[in-house]
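Number of protein chains: 2
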Amino acid sequence: MAKPETRAYSSYSRDAQALLAQMIRRARIEREMTAQDLADRAGVSRGLIQRIERGDPGCAIGAVFEVAAILGIRLFDADQQTMTAHLQANGATLALLPKSVRPSGGTVKDDF
Amino acid sequence: MAKPETRAYSSYSRDAQALLAQMIRRARIEREMTAQDLADRAGVSRGLIQRIERGDPGCAIGAVFEVAAILGIRLFDADQQTMTAHLQANGATLALLPKSVRPSGGTVKDDF
DNA sequence: TGATAATGACCCATTAATAAACCACAAGAC
DNA sequence: GTCTTGTGGTTTATTAATGGGTCATTATCA
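First to last, the sequence lines map onto chains C and R. For what it's worth, numbering that gives the first Met the number 0 labels the leading residue of the first sequence as 0, then goes sequentially. For what it's worth, numbering that gives the first Met the number 0 labels the leading residue of the second sequence as 0, then goes sequentially.
Incorrect hints may have been included.
Identical chains share a label here; the pair holds if one copy fits it or two copies do between them.
Derived SDA-like pairs (lysine to any residue); straight-line CA-CA distance at most 20 Å [to be verified]:
id : residue 1 : residue 2
1  : K98       : T81
2  : K98       : R53
3  : K98       : R13
4  : K98       : Q87
5  : K98       : R45
6  : K98       : D76
7  : K98       : A34
8  : K98       : G46
9  : K98       : R6
10 : K98       : L86
11 : K98       : A38
12 : K98       : G57
13 : K98       : T83
Everything labelled a hint here was simulated from the structure, so no lab data went into it. All values derive from a computational prediction rather than experimental measurement.
Model the full assembly from the supplied sequences, consistent with the hints where possible.
Here is the structure:
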């Protein structure tokens with residue numbers, strides 16, 4: 000089978016995932032933890048650690064983030080404090096935005 | 000049952016996930032995209048968009064990253080070029096690290 | 001070199017995520 | 001005000017991830 004590709008991913012998201020997987024594997028080895036140790040700490044199976052370090056897109060994001068957090072990886076270049084601040088600021092901004100999106104006019108803000 | 004809490008998450012990973020969910024929702028509304036539009040672009044269902052924007056830890060990381068990428072969210076404060084560079088650098092470092100971790104002595108590098 | 005243990009890869013049973021359809025409600029347009 | 005439509009919340013069926021186990025390989029240490 001040449002095309003498993005059940006789902007299409009952009010190169011950006013694929014790279015982001017591969018990078019996170021690499022960082023996790025590197026951090027684990029640098030901290031001299033076995034895959035089993037990391038699995039036990041994160042409360043997951045060793046097989047899942049392998050999939051995460053391989054960059055499997057199907058892994059639950061909660062498990063991946065938890066593993067990364069255990070290894071001390073800063074997910075958004077932010078520590079706990081900074082992240083909480085961003086959460087609050089973002090929440091405030093979100094409250095000011097319209098609750099539902101309507102095609103008002105037809106001008107699609109697709110420019111990014 | 001209000002909170003099954005099948006798995007325990009650290010506050011850091013929980014906040015990181017909540018922050019990513021908020022950023023996604025905010026970006027979608029700011030770009031005036033309906034949940035259905037975003038779902039179609041990402042190739043997922045509208046229900047999954049809702050769960051992602053709610054910060055459900057069980058969502059597949061591939062789907063979340065893809066949605067974020069579509070909205071133009073920088074996942075590691077890095078653009079495509081920077082990410083590719085990090086991938087290469089990390090890969091090179093990884094090649095120099097020991098392939099398997101052995102309990103050499105018992106000194107656990109747990110300090111971080 | 002030989003011993004030991006970590007890794008990688010596979011299997012299967014269970015569990016959970018996902019998709020799709022529906023509903024009620026609320027937000028925005030007219 | 002009415003009407004349209006996006007959203008949130010369900011339920012159900014299908015699909016996929018996860019856990020746990022085993023096995024072969026290989027890296028690391030004595």
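Within a copy, between copies, both or neither: where do K98 and T83 come within 20 Å Cα-Cα? Result: close neither inside a copy nor across copies, 23 Å intra and 37 Å inter.
At most 20 Å between C-alpha atoms: does K98 with D76 qualify within a copy, between copies, both, or neither? Result: close neither inside a copy nor across copies, 29 Å intra and 27 Å inter.
Evaluate K98 and Q87 at a C-alpha cut-off of 20 Å and name the case that applies: within, between, both or neither. within (18 Å within a copy, 42 Å between copies)
Checking an output row: K98 and R6, CA cutoff 20 Å. Within, between, both or neither? neither (30 Å within a copy, 31 Å between copies)
20 Å Cα cut-off: does K98 pair with R45 within a copy, between copies, both or neither? between (42 Å within a copy, 16 Å between copies)
Is it within a copy, between copies, both, or neither that the alpha carbon of K98 lies no farther than 20 Å from that of A34? This pair counts as between: shortest inter-copy Cα distance 12 Å, intra-copy 44 Å.
With identical chains treated as interchangeable, where does the CA-CA distance between K98 and R53 reach 20 Å or less: within a copy, between copies, both, or neither? This pair counts as between: shortest inter-copy Cα distance 14 Å, intra-copy 38 Å.
Can you give me the call for K98 and L86, within, between, both or neither, at a CA distance of at most 20 Å? Within one copy only: 18 Å inside a chain, 38 Å across chains, cut-off 20 Å.
With identical chains, the pair K98 and G57 could be close in the same copy or across copies; at 20 Å between alpha carbons, which is it: within, between, both, or neither? Intra 30 Å, inter 25 Å, cutoff 20 Å: neither.
Up to 20 Å between alpha-carbons, please classify K98 paired with A38: within, between, both or neither. between (40 Å within a copy, 18 Å between copies)
Given identical chains, is K98 near T81, meaning Cα to Cα at most 20 Å, within a copy, between copies, both, or neither? neither (26 Å within a copy, 35 Å between copies)
Give the relationship of K98 and G46 under a CA distance limit of 20 Å: within one copy only, between copies only, both, or neither. For K98 and G46, the Cα distance is within 20 Å only across copies (17 Å; inside one copy 41 Å).
The structure does not agree with the numbered hints 1, 3, 6, 9, 12 and 13 stated previously, though it agrees with the rest.
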